[in-house]
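Please construct the entire structure, taking both the sequences and the accompanying hints into account.
Which chain is which? The protein sequence lines are A and B, in order. Per the UniProt record's numbering, the very first residue in the first sequence carries number 1; after that it's consecutive. Per the UniProt record's numbering, the very first residue in the second sequence carries number 1; after that it's consecutive.
Quick caveat, the hints were computed from the structure, so don't treat them as lab data. Some hints here could point you the wrong way.
List of simulated lysine to any residue pairs, SDA-like, C-alpha gap at most 25 Å [unchecked claim]:
#	chain 1	residue 1	chain 2	residue 2
1	A	K94	B	I86
2	A	K123	B	P116
3	B	K200	B	E142
4	A	K102	B	Q36
Rough simulated footprint, nothing fancy, chain A against chain B, three-plus residues with beta-carbon under 8 Å [to be verified]:
#	stretch
5	131–144
6	169–175
This structure is a prediction, so every number in the text was calculated from the model and none was measured. Yeah, the Cβ is synthetic: ideal placement off N, Cα and C, and Gly gets one too.
Residues per chain are reported as follows:
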Amino acid sequence: MRYVMKQSTVESTRNKTIAPATKTRPMTTTAKESAPPELSQYLMAVAADRDKQAFAKLFAWFGPKIKRIAAQKLNNDAAGFDITQETMTRVWRKAHLFVPEKGAATTWVYTVMRNVIFDAMRKNKTQQAESLSDDIWPIEEQISEESPFQDHLMTKQLGELVKKLPPNQQEALTAVYYKQLTHEELAKQLNIPVGTVKSRIRLAVTKLKQQLGANND
Amino acid sequence: MIKHHPSSKLLAGYATGELPASIAIGVAIHCKMCDQCQANVDALTAQLADQVFDAELTEPMAYENEQFDLASEAEAPMDMDFGNMIAAITADDEISEQSMVRSTSITVKGKNFELPAPLNNVRMSNWLNIGKLSRSSLNLDEGAIHSHLLHIDADGEVPTHTHKGFEITLLLDGSFEDDMGTYHPGDFIELNGEHNHQPKTKEGCLCYTVADDALQFTEGFHKLFNPIGSLLY
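Here is the structure:
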């Protein structure tokens with residue numbers, strides 16, 4: 001590297017944001033635990049079925065940690081609570097954007113938390129309310145812009161997109177849109193609640209809409 | 001071919017979310033154009049996540065030990081409030097739609113440029129023109145740190161100058177040369193007060209710049225420009 005930046009300038013800016021937090025709890029021994037491998041299954045269950053129990057398990061593991069990390073970063077216990085709420089709300093709403101092949105559940109939740117903390121710290125320091133984090137760290141899976149649709153009916157491409165959906169969403173979509181079953185008929189056939197059928201279809205359609213919308217831009 | 005990359009320190013700061021927005025935007029734009037830096041950031045992010053969430057990984061990373069010294073605190077017992085929070089969150093069945101990949105385009109001197117996504121929601125001033133130089137300042141509200149879009153028209157140059165603080169230049173479009181070589185889109189160039197340079201461009205270029213102070217022109221006649229240095233950067 002031929003250019004050497006004077007590190008102190010960036011350093012000084014960074015250090016301001018990471019002033020040591022005051023400890024509010026007495027120190028005790030550290031409980032050793034490593035991330036349970038089920039976390040990513042819980043996330044997928046939330047994505048596919050809006051599974052509240054799976055979410056509660058995610059919350060039990062991540063919630064207290066996020067609260068502690070955020071309270072320390074923002075040097076404020078109440079902020080820690082708010083950030084936990086915002087992060088876990090995004091986890092609940094965006095779980096369908098988690099791609100297990102791309103990385104661990106902990107990494108995904110970490111990026112969600114980092115973005116929430118970044119926006120909160122900016123809001124504290126500046127007069128601006130815009131959230132920039134999702135532009136700076138695109139958390140959503142990137143949609144390929146390389147294959148714009150050629151045909152007007154988009155049948156082939158749509159079929160390919162449908163194939164990329166989780167199996168249970170594919171099944172619901174095919175049954176309702178291709179085989180013309182009603183939600184109730186499909187629910188009965190699969191022996192699951194109608195609400196589950198509806199949410200699977202909604203998730204599937206949301207995902208398809210996003211991909212088609214981005215390609216049509 | 002991108003030859004100039006952000007330092008590992010900046011990549012780490014980007015992964016932790018602790019860089020000022022203006023610098024983080026520069027790194028983000030570079031990473032969109034540079035698969036290798038993006039892969040480095042992804043790996044760093046996965047490591048950080050492990051480190052933050054996994055109490056067993058206690059070995060601190062060199063650049064991180066000050067931020068995440070959390071191992072000394074025990075896990076708090078699940079709060080009563082958390083139960084309510086879970087109920088409130090899961091009661092809402094809303095799904096966040098993926099934000100559309102949209103792009104903002106700008107026109108400078110009759111030429112159209114598509115801006116990278118990290119600049120989507122950043123407010124920009126009108127373009128100010130000084131000869132072949134055009135500049136729009138970005139309103140990120142970060143005190144001494146200023147970021148701009150800088151366009152240099154074909155055959156234009158910035159008089160020899162130095163920087164009192166730091167300067168980051170990210171080439172978005174076109175190319176420019178200085179005594180160190182030629183730069184291409186995606187190149188991420190960090191400069192400090194010890195370096196004099198005189199960028200010139202044959203074909204014209206558009207840059208994203210971040211600096212924490214005005215530039216100082218260092219040569220003869222151009223010293224007259226010093227009062228406008230702060231207009232440029």
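Structure-based check of each hint:
Using a Cα cut-off of 25 Å, the hinted pair A:K94 and B:I86 holds, with the two alpha carbons roughly 15 Å apart. A hinted pair counts as satisfied when its Cα atoms are at most 25 Å apart, and A:K123 with B:P116 qualifies at roughly 23 Å. This hinted pair does not check out: B:K200 and B:E142 have alpha carbons roughly 29 Å apart, beyond 25 Å. Among the hinted pairs, A:K102 with B:Q36 is consistent with the structure: their alpha-carbon atoms are about 16 Å apart, no more than 25 Å.
Here's how the stretch 131–144 of chain B fares: 4 of its residues keep a CB closer than 8 Å to some CB of chain A, so the rule of at least three is met and the hint holds. Under a criterion of three residues with beta carbons nearer than 8 Å to beta carbons of chain A, the stated coverage of the stretch 169–175 of chain B fails, only 0 such residues being counted.
Violated hints, in rising order: 3, 6; the structure is consistent with all others.
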